[in-house]
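The whole structure should be built from the sequences, with the hints applied where relevant.
So the sequence shown is numbered by the working numbering: it starts at -3 and just counts up by one.
One thing to keep in mind: the hints can contain errors.
As the list claims (entries may be wrong) - Derived BS3-like pairs (lysine-lysine); straight-line CA-CA distance at most 27 Å: (1) K341 to K432; (2) K96 to K419; (3) K45 to K96; (4) K144 to K29; (5) K144 to K296; (6) K76 to K432; (7) K432 to K96; (8) K29 to K45; (9) K129 to K296; (10) K144 to K299; (11) K270 to K129; (12) K296 to K276.
What the hints contain is simulated information worked out from the structure, not anything from laboratory work.
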Amino acid sequence: MAWPQIVEFRNAIRNTKNLKHPQLAQGFVETDKFGQPKPWSGGMAVVYKIRVGTLDWALRTFQGETDLLQTYEKLSEYFKLVEHDNPLRAYFARFYYIQKGLFLPMYPKDPRNPYPIVLMRWIEGQPLDTWVKENLDRPGALQEMATKWLDMVSALYSAGIAHNDLQQGNVLVTPESDLRLIDYDGMFVPSMEGERARELGHPNWRHPRRRSDDFAPYLDQFPGYVGYVSLLALSQCGSLFDTYHNGQNLIFTFSDLCHPGSSSLCKELGNLTKTANGFKSVSAMMRDLVEWADNPVNSKTIKQLLAKPRPVVVQPPVSRAIAACSMCGAKPANNLINNRPVCLKCYHGHSTSHPRQQNMPFKRVEVTQNAGSQPQGSQPVTKSDRRFPADFPPLQITTSYGIPISAMSAVEARRRHLVIFGKRWVTSQQRRELRKQWWTIFLVRSIALCLAAAGIGMAILAWVGSPSWEGFLAGAVFGSGYMLVGFSLNRFRKWAHGPAVILFCLIGLASLILILTANFLLGVVFSAFLAVVLWGAFNREARKIFPIKN
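Put into C-alpha cells, the structure is as follows:
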C-alpha cells in the first residue's frame, strides 16, 4: 500500500481526536483562512502548529517511508540520554518521536496506521541573516553573537554530534538573542557512526571537499568557522552585508571558498587587519579559512585555529660532554631525565625507582568543555520543561526506549550514569518510570486473567450443574460477558475499562464476604489487597495507557 498523500494527513489532523495521545487530542491546530490546517514547510515533511494548553508545538508528518523515520527514532533515543545536559538543551528544541501518532480513518486496515509523527516545541525567533540585517549598526551585538555562535559549535563538537546543515536559515535568534537550531534531518549522533550522510549541507557554508562519506562530529567545524568569521567581519564593516548577502548566505559564497584569488570579498577582508577577538584579525582568520577549504574536511578544527599563540622560549643547548649531573654533580652527564642532564649512575637508579618516567615525552592532553558548564546563551531548565516528559509516560510503552546494550559499552554507560532495564541503557529516572508502567500493565493483565477465568468457570458450572435451559443460558451469558471484558481488558481496549472495574469489584465483594465469615482478620487483609490492586491498575495515570492501545 502506498504512503498517504499530504492532503490525507492534513484532513486527518483537522480532527485532533485522530492524534493518538490524550493531550494532543485536546489541542488546537492553527488553520488558514479556509479552515484547513496551515502547513509551515515542505520538503520531506510538513509541519503544523498545534497549541496544547499554553504551549505551542510543531507537529511534523512525513511524506513517505524515508530514512528520516529511522533518523528521528535514533535522535529521540539520543536526546533521552541528554535530557538534563544543559549545554545541548540550550540549542535544541525539545522533541518526541511518536511511532503510533496519527490515525488516518481512510486506511483502517493499513498495518502502519497510526502513522509516525514528530512533536517538537515551537520556537519563536528570527533567522540568523534577518537578525544580522537588523543589527548591522550594533557592532557590539554582532561580536557578542559571534561568541555565542562559537560556544554553540564548540558544545556540539564536545558532545560528539553534528547538525550537518549549519546555515542562516537553520539557526534562529530568539527575542532574548539566544541561538536555537532547527531542521534535524541530516544530524549526526554517535549511534549513526558508519552510515553515509543523508545531505551535504548548504553549498555556501559547507566545506568544498565535503562528500557523503564524511559523516562524523567534525562536520560543523568548517561551517561554524564560516559563520564566526562572517559575524566578526560584519562587526567591523557592516556594508559587506549589503554588498555580498544574496539571501542564501551571510557574506561568503561557494565561489569565494573555492577561488579566493578572484574573490572581491576575500580582497576586502584582507584589509581588515584590526584585531577581532583579542589576538587575531579578520584577515588572518580569512586566510586560515581559505587554506582549510583547500585541504581535507577534517584537517583542522576551530580550536586549533583559535588557539592563542604561546611564547617561544629558546633554551641554550646543553653539552653532555662537559655537563654536570643535576642530581649528584658528577661528570660527565651523558643522559637526560625530563630534559635535565644526569650521570649514568643516577640515570639507572631513577629508572629502577620510576620505570615510567625515564626519558618519556609528555603527552598533550586535550581539555574539553565540562558537560556541567553552561555556554553563553544557555537557558535553565524551566518548570514546564521538567514536567513535560512526565506528562507523556504512555509513549514509552509502544516505542523503543533507551539505548541497546550492544550499541554502547559499559564504560561509556557508567560515564553517563546509565543503568540497565530490559537489556537497554536508560537513566535512573527513566527506569523508575518504566517500572511503574510495567507494574501497571502487570496488574491490569492480572485482573483481565481473573475476569476471563471467572467467565470460563461460570460457563462450565452452568453447563454441568444447571437443571434447566434457562439457568444454562443465564450462566453462559454472564460467563461470556466476563470473558469478553477480560480478553478486551488484556488488549487494553478503552471501552473495557469501566465494566472491568465493576465486574472485578463484584468478584472481590463475593470473595470478601466468604472470607469474612471464616476469618475476620483475613478478610480485612484481603480487602486492603483488593483496594491496592484496584488503585494500581485503574488510577488516573494508569488510565492513560488505554487511549494509546485503542
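Hint check:
1. K341 to K432: The given pair, whose Cα atoms are some 69 Å apart, is violated under the 27 Å limit.
2. K96 to K419: holds (23 Å)
3. K45 to K96: holds (19 Å)
4. K144 to K29: Given pair K144, K29 is violated - Cα atoms ~39 Å apart, limit 27 Å.
5. K144 to K296: The given pair, whose Cα atoms are some 21 Å apart, holds under the 27 Å limit.
6. K76 to K432: Roughly 18 Å separates the two Cα atoms, so the pair holds.
7. K432 to K96: Judged against 27 Å, a Cα distance of about 21 Å means the pair holds.
8. K29 to K45: holds (15 Å)
9. K129 to K296: Violated, because 30 Å separates the two Cα atoms, which is more than 27 Å.
10. K144 to K299: holds (15 Å)
11. K270 to K129: Roughly 22 Å separates the two Cα atoms, so the pair holds.
12. K296 to K276: With a Cα-Cα distance of about 17 Å, the restraint between K296 and K276 holds, given a limit of 27 Å.
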